[in-house]
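Undergrad: The primary structure of each chain is shown beneath.
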Amino acid sequence: MDSAVIWYAGQATGIVSLTLFSAVMVLGISVRRQVRIPGMPRLAAVALHRSISLLAVVFLAAHILTAVVDSYVNISPLAAVVPFTSAYDPLWVGLGAVALDLIVAVTVTSLLRARLGRRTWRAVHWLAYACWPVAVVHGVTMGSGTGHPMSGWPLWLTIGGIAAVLIALVPRVTTGRRALTPADVLAGVRR
Amino acid sequence: MNTVTMPLRIRSLATSAARRLLPSEPLSHEAHRAIYGDLSYLDGRQIVVAAELSGLCGQGGAAFPAHRKMTAVREAARRSGRRAVVVANGSEGEPASAKDKALLWHAPHLVLDGMALAAAAVGADRAFLAVESGHGLGRYLTAMSRQRPAPAVPVTIIEVPQRFLSGQESALVSFLDGGPALPRYQARPVFERGVGGGPTLVQNVETLAHLALIARHGPGWYRSGAATSLFTVREADSAPTVVEAMPGTPLGVLTGAGAATGQALLVGGYHGTWLPLTATALEAASPATLGVPLGAGLLAVLPHDRCGLVETASVLRYLALESAGQCGPCLNGLPRMAAAFNELAHPTPRSDLRRLRDDLSRWAGLITGRGACRHPDGSARLARSALIAFAAEVDDHARGRCRAPGRPPMLPTGPASPAAPIEQGV
Chain X
1 MDSAVIWYAG
11 QATGIVSLTL
21 FSAVMVLGIS
31 VRRQVRIPGM
41 PRLAAVALHR
51 SISLLAVVFL
61 AAHILTAVVD
71 SYVNISPLAA
81 VVPFTSAYDP
91 LWVGLGAVAL
101 DLIVAVTVTS
111 LLRARLGRRT
121 WRAVHWLAYA
131 CWPVAVVHGV
141 TMGSGTGHPM
151 SGWPLWLTIG
161 GIAAVLIALV
171 PRVTTGRRAL
181 TPADVLAGVR
191 R
Chain L
1 MNTVTMPLRI
11 RSLATSAARR
21 LLPSEPLSHE
31 AHRAIYGDLS
41 YLDGRQIVVA
51 AELSGLCGQG
61 GAAFPAHRKM
71 TAVREAARRS
81 GRRAVVVANG
91 SEGEPASAKD
101 KALLWHAPHL
111 VLDGMALAAA
121 AVGADRAFLA
131 VESGHGLGRY
141 LTAMSRQRPA
151 PAVPVTIIEV
161 PQRFLSGQES
171 ALVSFLDGGP
181 ALPRYQARPV
191 FERGVGGGPT
201 LVQNVETLAH
211 LALIARHGPG
221 WYRSGAATSL
231 FTVREADSAP
241 TVVEAMPGTP
251 LGVLTGAGAA
261 TGQALLVGGY
271 HGTWLPLTAT
281 ALEAASPATL
291 GVPLGAGLLA
301 VLPHDRCGLV
311 ETASVLRYLA
321 LESAGQCGPC
331 LNGLPRMAAA
341 FNELAHPTPR
351 SDLRRLRDDL
361 SRWAGLITGR
371 GACRHPDGSA
381 RLARSALIAF
391 AAEVDDHARG
401 RCRAPGRPPM
411 LPTGPASPAA
421 PIEQGV
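As given, the protein sequences belong to chains X and L, one line each in that order. In case it helps, the working numbering puts the first sequence at residues 1 to 191. In case it helps, the working numbering puts the second sequence at residues 1 to 426.
By construction, these hints were calculated from the structure, which means they are not laboratory data. All values reported here derive from a predicted model rather than from experimental measurement. Think of the CB as a built atom: it goes at the ideal place given N, C-alpha and C, for glycine as much as any other residue. A hint or two may mislead.
[As the list claims (entries may be wrong)] Some but not every residue of chain X turned toward chain L, in silico, with C-beta under 7 Å:
| # | residue |
| --- | --- |
| 1 | 46 |
| 2 | 181 |
| 3 | 182 |
| 4 | 183 |
| 5 | 185 |
Chain L extracted, bound-state conformation (with noise of 0.2 Å):
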């Protein structure tokens, strides 16, 4: 069937094959059920409950709890009168981010169990699967789709923009709508008006396949703790492993060998947050016991011979120009942000620093909260954590040292919008 390359590599850490979000090969129908088994019937009362007693959070990067959601576009459905929307969000936009199309490739048809559920839960006449697009997911996932018996709601595949904040739910209900896929201003949120203007259910593509799993195994299987997610794991330039594990396995378990010679982990994505790593951290920490929000997942080491600077200039650099530009907070602060810490990232004898480093922090304090979605709150949580984990080196930078003069950043920014050479002076 391929034309499609998905050049993936993954790891799971899950014990059994019939709990596992992730088959070493991607599964036909057939396959599918031979497996995992088939659903049994539950009716739309009995899968919020489920979802509620399971514990079960959104895995798109916001953790919001999944019933809830779903109570909320069951209710304003049945106050509003409209027809309840369900979209799988799948297109995960950021750059260094790979779990959602791994699952995509891997396990389409645990994602469409858990579309069928989603839509009972909230009473839903149509779903729409929204997936990134350049990576032929649309025509892979519609043949699998072809596989399954008609479903009671109709699927449809739609492939989004490669852009960061394609994923966000108001830029996926105006894609969706027609419009372009930028978050817009809700002066009613989505689960109240959103596609077409009925109450929409936006839940990320894994926290859909949980819920395929948790229809089998029951909400005490996964509140357990025994059930896995997903991650993506970077180490230097090579490309992302994506890894099943529970939330408790080790830091060092997790990330593999490479990890050792890292000084430094971003855990979560571009909105995440830098913390410095330890050979102590690496045995004894897991994702769960970190104390920073997961978000969709991402832990990216960054090696002795990188500079965390370098690094996170490019990245503000990166999320400044993706952003929509329609909020002054973004348009205005994000730039500004980016400029200052590509001062910081270059090695050169400065007296300004304290400025730079007061204005950060300023510009960081006044955008947060203050646009439409959560773009800057999350540019401004990387900058910062940025400061805080590499103060060390803005410290070398300022009097002229770099510990990688000249290397150009590992992070991918994305081919929206390629990141130019940060200038290294001499």
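Chain X extracted, bound-state conformation (with noise of 0.2 Å):
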């Protein structure tokens, strides 16, 4: 199927889904890091992070479908799926098919996770970690959808995206985690 329309809903789903799955990482590590995000209750980070990672997974799909159904390129439903097996750019398609799976990993042991327990869902949600760099670069190398790198404001958004996450990562390097003491609660609520 040859049409603007599909190219043009490819593009947009592929940037968004990635928008959101900057936004996800944001709130998972400052969920994990146990710190709040300015304006927002702990609990809504949690909700919020769980949410948006359903609703880029949607987007995400809707990316994918997008890229096989486009006749402008080449892409085979497997190649989708089995990295670096496309007929069309297999390195940076490759790599959006491992984001892929990846994404499928970890979404899939998020929705079993009572059923697996907390160790091994554990584990595999670090995965996370390394599909979202991936994503990136799939991104910012295919984003034109001309055979091009991405430029212009789609290029801001996702560097807008990996300074939040790499904001959100810096103390948790530098400071670490330091556990609030019922001591350090008494002496702020004291009136």
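Bring the two chains, given one by one in their own frames, into a single complex with the hints.
TA: So this is what it looks like as structure tokens:
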């Protein structure tokens, strides 16, 4: 199928899902570090992490569907799933397939978390840290949709997402996590 | 043998020496055998049945039926193929309580007998006796256990840190596994996965001493209500007395002469309940008829010249600081409740009394049942009961009056975190 609509839909869903995944990373890191995103209660961060990630998966599904259906370039359904088997641009399409497989693993284990047990779930969930950079590279290298790297506002949007994730990560690396003690709370609330 | 001092006063209302938990003098193994006689052989199943028929419940606070715990451990060991472990819990942790320390000091062999029975009941191959550090109990008990012939199941005596939460069962398991003595999140309960991953029976030392008496005198004797149990009785600032009495003994007899001048009674411990104390209650009521949990058996009499709000504020502050800070409801709730109660304890004319009271009730409801252990639940129970028992005192304080202005609290809040005096207004 060859239609400008499908091409635009493929571009749009790709950019939206990449942006949403950056937001999911920021929320996930803040939950893990037990820090508060300014103006947002912690419980909201957990709930948003969950719902935005599911929303991102929906956009990702649409992105892959359009990429396969679009006849502007030839990407087979198999190439969308199995890395580096695409006839067109095997390396950068392959990175997209890697990201997809990792996201599927992370999502499925999260949905089955109650059955899998915490340890297994957590081990798989760490893959998110590998998945997101791969998705970013896939987006930046193929992001123009014309065979050239991403440019213009989508590039700035992606850079913004990268910056947000790095900011969320930085204090973790430098200060680590210090648990609040009851004495801290008592000192804080005494009037 | 002794560099150890246990400055504990004891009083026993038991009638027969052979059925007594607290001998007047600490007994060597030989003296113990002379008074109590040897244990006759019972197999594991018989011991569980005896515990069931006697109706024996845990004496550490939760009053859980002993035989159900034993059965659970036994079954878990059979299912998983792991060897069971017995932990005798003598680390009462609570600064106001002394009954477990008194029992260990006066009747160590009764506890060790009980441990042997419990180990046989669940098929354990290891047993630990956990006691509070700082009293020399570890060394004393090690010496006492050496007087005995080598037991079928080896007993290791361990001193645990003096902290309020050290005696919580998952905290003990964590400590025995080499971790901190703090409650931990239990994906599987300790009766399934405890010390070293083995199904673990954690039982209070007094419960085990009862088991040793039940094995000798039969479950019927225990069930008949003739068996005694231990109470820590505190009056004003004096050192506590550990009293051995039947749960049906009138409060007046249990608490002694000083109680007549008391205004209220703290029942159970720092996770317990404040009750108003009247002359009729002293004569007619007994611990068994109070209708509140007896917890670990603390009975603290609050004299008329003391302020119940000051006491409660001090204990709540202690409980907040003793929180492990691992669960949100406890970490955020207890310090707030302690701070609000400190406001109530401060006699000054105020207009925000209603808000303070509402906040406390709301927080008490919010934190109950939401921790990994029962620390928030017990602390909320204490705060709630104080608001009821000292309701008139709360109103007086809001008008700037206090019945005991400037007096420091009498209830001990432990060496672990000494209580700062609560500032009293002029």
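Undergrad: Take the hints in turn and mark each one as holding or not.
TA: Going down the list of hints, with the structure as the test:
no.	hint	verdict
1	46	12 Å, violated
2	181	5 Å, holds
3	182	5 Å, holds
4	183	6 Å, holds
5	185	4 Å, holds
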